[in-house]
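Protein chains in written order, with my numbering: chain A, 1 to 296; chain B, 1 to 270.
Where hints are given, some of them may not hold.
Far from chain A by the CB rule (all over 10 angstroms, computed), these chain B residues [claimed, not checked]:
#	residue
1	Leu31
2	Val71
3	Arg136
4	Ala143
5	Val147
6	Ala244
For each label pair, taking beta carbons as the anchor points, the in silico distance ranges come out as [said to hold, decoys possible]:
#	chain 1	residue 1	chain 2	residue 2	range
7	A	Gln44	B	Leu165	41 to 51 angstroms
8	B	Glu127	A	Met144	26 to 36 angstroms
9	B	Phe45	A	Asp188	46 to 56 angstroms
10	A	Gln44	B	Thr102	15 to 25 angstroms
The hints are simulated quantities; they were obtained by calculation from the structure and are not laboratory data.
By construction, the Cβ of each residue, glycine as well, lies at the ideal position given by its N, Cα and C atoms.
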Amino acid sequence: MILTSSRLGAVRRSRRARSEWWLAAPAVVSVLILVAVPVAFLLQYSTRTGIAGDFAGVENFTRTAADPYYYRVILTSLAVAFCTAVLCAIASYPVALMVTRASRRVKPVLILLCIFPLLAGTVVRSIGWMAILGYSGPVSKLFMAIGLTDGEENLAQNPVAVTGVLATILAPIMIILLHASLEDINKDTIRASESLGASRMRTFFRVILPQTSAALFSGVSLIFVLALNAYDTPKLIGGSRVPMISPAIYQAIMEQFDWPLGAVLTIGLLASALVALGIGAAVFKRFFSAWREAVL
Amino acid sequence: MRRRQILVRVAGTAFLVLMLIPILAVVVVSLLDDAYIRFPPANGFTLRWFAEFWTTGDLGSATLESVRIAVVATVISLALGTAGAIAADSLRSKRAKSFIDTFLILPLLVPSVVIAPAIYASGFWIETNTQVPVLRSGVLLFAAHVVITLPWTYRLVSAGMGADLRSLERASRSLGGSRWQTFRSVTMPILRPHILGAALFAFIFSFTNLEISLFLITADRTTLPVALMQRAIFEVDPVLAAAAVVQMTLVAVLMIIAGRFVGFGSVLRK
Chain A
1 MILTSSRLGA VRRSRRARSE WWLAAPAVVS VLILVAVPVA FLLQYSTRTG IAGDFAGVEN
61 FTRTAADPYY YRVILTSLAV AFCTAVLCAI ASYPVALMVT RASRRVKPVL ILLCIFPLLA
121 GTVVRSIGWM AILGYSGPVS KLFMAIGLTD GEENLAQNPV AVTGVLATIL APIMIILLHA
181 SLEDINKDTI RASESLGASR MRTFFRVILP QTSAALFSGV SLIFVLALNA YDTPKLIGGS
241 RVPMISPAIY QAIMEQFDWP LGAVLTIGLL ASALVALGIG AAVFKRFFSA WREAVL
Chain B
1 MRRRQILVRV AGTAFLVLML IPILAVVVVS LLDDAYIRFP PANGFTLRWF AEFWTTGDLG
61 SATLESVRIA VVATVISLAL GTAGAIAADS LRSKRAKSFI DTFLILPLLV PSVVIAPAIY
121 ASGFWIETNT QVPVLRSGVL LFAAHVVITL PWTYRLVSAG MGADLRSLER ASRSLGGSRW
181 QTFRSVTMPI LRPHILGAAL FAFIFSFTNL EISLFLITAD RTTLPVALMQ RAIFEVDPVL
241 AAAAVVQMTL VAVLMIIAGR FVGFGSVLRK
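Construct the entire structure; sequences and hints are all you get.
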């Protein structure tokens, strides 16, 4: 077929005029009716007296805030999530460095080993930790042998265990973010620093670390949000001794049928998540970009 | 200089081992011939827990249910995500494109313990007010799985689109190919590996999801992660470990297949 220039022009014009925007409609509509609308529907219960209740103003918020149990839930959640995020960043950094520096043959294996736990599912890993930390598990026997504990003990059921387990469970995400950022570093900057006589320690703190600070901060705020969101680890490793917000939301909505309470807790969770992401971004922008400019 | 390399390796390996050790623990418990966890183990190895897993409680049926939900959710999510990706790619306005980008990632950005109770509460309200059994029939369970896998299918298919695809499509159209011909013989072959990769990852994320299912399961429909969770609240026993191993094995197999189509980096890189 011979195309005249006018026909070619027509094709080009029609291509420009007709974008296939409507193809996105089903996806956008499903997110709208399955996420946006339901979340709004749930949140409005925070100002109601019950499932079929009337307007209650801010009473639900004051009731929840005054309850010492929920006060503890929120404090525990924030503390555990924060410690998890920081621990996760510190512990993941060497793994990310190791992956980045690995030879071409080892690297894919290491990446696979990092990602498999993430994809295997969180419940499975919480169950594994229950077996390791529980009564008559290996850690309990070890602690007995070296005289840390008198008898067989369940070493889960405390905030430290929950934090540690959450950090290992969420680490793959941190490692992936840090690895991506480390790969993007211009190797010449490292070589320049070393050839100018900086020690490796100095090179790390003044050249490598500043260049990954963006990933580090987005990673920390992301892990914080994911730790708040976790249901299985607090429930299985923490139990009733480490009350956290996700199990509390489940309990309020599915067991107590106290939707207003559930809505208030949900708002608490969303607000903490937004604040964390906001602070992460703000701190990063103000402090770390200054730091970056100063040291680079 | 050497010393710091070693330090990084030791610290890195140690933490990697900590990440993998719970998986190893589950595998070991599922293979030991002890009815409860004891250390050191007393009775050697067996495979009988895997046979028992099919017949004990609802673990076997929950596994089938999880597979069913994941298959349906993947197919629908893939159709919606691919269509969305094609639409976003065809848009000229940057703002409209970034609107679709952000909107379709919402199910990933909003914590699932917020989405799940929200869908449950809405479904409950619809059910009591209109008598349409959206919760009891499991429709919302399937729909929720579609929506939470949507960000992955959308992103992974989008990642496969670039300037090359667009110019090849334009070439096909200007040579007189119809829209359908272009889609079938140009767009699809280029996108196929990305679509396959997206399908496998969507399946994995639906199959292992706990929080969404937890709120939306019905009396006769429970998923494997929820069944694992509910049994684990009381105790970790070898049958439970066997079920966990089944879940992990399926994920491992799919992951290896998926790795052939898309790089893992492109899946999880934000």
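Broken hints, numbered, in rising order?
-> Numbers 4, 5, 6, 8, in rising order.
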